[in-house]
Amino acid sequence: MSNAPTENAVDERIKTRSRFREAMIRPELGGMVGTVAVFTFFLLFAFDSGMFNSQGIMNWSTVSAQFMIIAVGACLLMIAGEFDLSVGSMIGFAGMMVAIFSVTLGWPVWLAILLTFVMCIAIGALNGYIVIRTGLPSFIVTLAFLFILRGFAIFLPQVIERKTIIGGIKDVAEGDWLAPFFGGKILTGLFQWMGDAGVIAVFERGTRKGQPVVDGIPMLIIWAIVLIIFGHVLLTKTKFGNWIFAAGGDAEAARNSGVPVNKVKILMFMFTAFCATVFAVCQVMEFGSAGADRGLLKEFEAIIAVVIGGALLTGGYGSVLGAALGALIFGVVQQGLFFAGVESSLFRVFLGVILLGAVILNTYIRRIITGER
Amino acid sequence: MTSLTKKLALAAAVAAAPLMAATSASAEGEKYILVSHAPDSDSWWNTIKNGIALAGEQMGVEVEYRNPPTGDLADMARIIEQAAASGPNGIITTLADYDVLSGPIRSAADSGVDVIIMNTGTPDQAREVGALMYVGQPEYDAGYAAGLRAKGDGIGSFLCVNHYIVQPSSQERCQGFADGLGIDLGDQMIDAGQDPAEIKNRVLAYLSANPDTDAVLTLGPTSADPTILALEENGMAGDIYFGTFDLGGEIVKGIKAGVIQWGIDQQPFLQAYLPVVVMTNFHRYGVLPGNNINSGPGFVTADGLEKIEMFAGEYR
Amino acid sequence: MNPEKAPIIQMKNIEKHFGSVIALAGVSLEVFPGECHCLLGDNGAGKSTFIKTMSGVHQPTHGEIYFEGKPMSFADPRDAISAGIATVHQHLAMIPLMSVSRNFFMGNEPVKKVGPLNFFDHDHANQVTMDEMRKMGINLRGPDQAVGTLSGGERQTVAIARAVHFGAKVLILDEPTSALGVRQTANVLATIDKVRKQGIAVVFITHNVRHALAVGDRFTVLNRGQTLGTAQRGQITPEELQDLMAGGQELVALEGSLGGTV
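So the sequences go chain by chain: D, H and C. Be aware that the first sequence starts at 1, since it is given in our numbering, and climbs by one per residue. Be aware that the second sequence starts at 1, since it is given in our numbering, and climbs by one per residue. Be aware that the third sequence starts at 1, since it is given in our numbering, and climbs by one per residue.
It is possible that some hints are incorrect.
To be verified - Keeping only pairs whose Cα atoms sit at most 30 Å apart, straight-line, the calculated DSS-like set for lysine-lysine is:
#	chain 1	residue 1	chain 2	residue 2
1	D	239	D	263
2	D	263	C	52
3	H	31	D	209
4	D	163	H	151
5	D	263	C	112
6	C	5	D	239
7	C	112	D	237
Note that these hints are calculated values from the structure, not bench results. Computed from a predicted model, the values in this text were never measured in an experiment.
If we strip away everything but chain D, and leave its shape as in the complex, we get:
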């Protein structure tokens, strides 16, 4: 027995794979295939509809960027093995807090924004702490916060202002140093030049006659790009990223190997809350008002984007780039169906088909990679 063959040759049952196939099989593959398919589809069916003029591109880019911001947080948290269903309510709540601090209480906008971030990240930490301490599924704990935060987002403004939408934030944000980081636009000069040069359309009438219809890249998109890069590097290139995978893959095994699983999970809840707050502050600064109904069902949209992007619902597997592509697919399909002239009630049908298709494809890819059975 002890003389068993130790130089075991390559197992003849594992098929050798070509380098090309090797390079293709990545967690993001589903997202990449989907992105190509979706763009091909809309280029064929909606090319002349305005979807690919400057306004149209800005429209679906902005919507996709919104999804991306919350998808990055949801993706990392899901890989760490947890869910956050309170993201949508957090968006409504955070926006409302900015409005109450700045408009109702009259505090400087930068202070309102920073305080909101601190509050929301603390709530994220509380979410995580409760999940860790009680051992309850995060599904239930964050579902409770879905109601609690939405309740406050309706209750507070009603008590304080007797209404559920607080406006006037644009006026108080005038001249603030922090607000433009969320509601501002960059490269406005470039777009003006493109407008003058006739590359993009300009307004035909009104006070802005002669200005380009798209006058800059909103900070929302910049935030999305920054968060995607940050999330991707954190997950794949750092020690902490390894811990995220480990915490979600098998928390007990990770603990045995000395990974601080609780810390990782709580930090990921905080990061998800941070992303939701970025979403909320960008929205509030762009539109100038906070409403109690903002962000309704956004938690599911984030989770859908993450799942389209190839992450495993039970944790331990996924990719930030995949989630970003999932968000792009989601945004482009949502807006693109309209450009293509499809009846809007069919949107959900398409969403369902895409979700199902993506999950099936991703499961197939994942099995190839991980040898799951």
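Model the placement of chains H and C on the given structure of chain D, informed by the hints.
Quick look at chains H and C alone, frame taken from chain D:
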């Protein structure tokens, strides 16, 4: 990989089928898009959909109805931007929140798309954002008129069943009603939610806690239908003074049965139908009415329900 | 035995009580560097409690632990791990969805500095993983191959190689062969043999006598919280060992054959 590509091709074909049907069905002529703020669950907007569809058919123009599925106004702003980007002749939209929607609407108007504000908003706001006109029922005024009418009937307290608490115009209706009665709104407005069973139970709970309530005001079929059931259950049906905004199948029956004293008809059909007619004629012949159009309020009582019954939920 | 060497770990009269239950009633054991010490016993004999005491999960109620000649008391498993006592559990500390190299360095990630930032040094990790796996006789398709694609035996081997790489002096293997097929068991036993030859003390827990005899240098049998003696390789037949594990009547008769080491 071949099985992958096969799957994709199949998926694309499946997805394309309804698309091609949709694009080939589009008529020649002008294109108008109606954007509402209502979530998918709000059945009242069916009349609006039928209204623009009929107008589109009669005028020979292409019409589309768009709404944010969850009623999120920030999503609605994106839909307006998108509608503008698709280059229609005109956009018909509600102005549910001036702060959120004024920017996208003004951009649309400035980029050469004509805009008519319908349903929610005020004539002043419509002028501000550069719209051609406003077609609808000023909410506060309608509530106020209803309040005056109820005061004449001897009402001193009421319950406002608000099923859409986050929509400011819903609150204006309640506030207007309270002001018409000359009383403070206070706690008389409840956040009923959208679920019929919840609405019914909240109304029951409020009325058992406050049995002296003189009147119930509901803001549409979503809150009126469960409220009718609640009143039948606690025996107050026909006894308590019951007024409602908007009409629907159950509301009409309620008026006929004497459970509901009156319904405020803002005639949504006109809000959808008239903007299409007005804009088509404006684009074809350059004619435009010189004023805003008030589609309501009209009080509907037990007298003259025939037409309403026939078309309730469809065109009324 | 290796009389020229001092035992790396000595457990003297270890008792462990859980309330009124006496799980260990005075167990003594010595493990020398480079030997494979098999700990045998039926279910409920106290094997798990004993190794948990050795690896710092439990603190003994009575008795002393000497590690490298010095008395030691481990407050928690981390103490034991940093002292060089590594445990490979029956349920592996391996995550199937993660690559072999990520698993290998889980909790001990190598770091490369780029400016002020620390990054996971994938090149180093991949290199080390491939080398260590080759040493153990496993040819990976690549360092990014997921652990889920490995067989049960290979996974055990990865876990053992990981413990060895991170400086284990005493390697506790808790039933590593219990769920494996014949060929995979052979691979794991071969791995144990390699590790022993590197001078690492191996504590091999099993209730399979044949597996124990294949690689063991010495055999200690636990029964009902007590040690029934330690035998050297070649001094005991499989049948005797089997009877010993079953405990009971043959105990007295067997004492002689155990060479007075009780």
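>> Checking each numbered hint in turn, tell me which of them this model violates, lowest number first.
In response: Of the numbered hints, just 6 does not hold.
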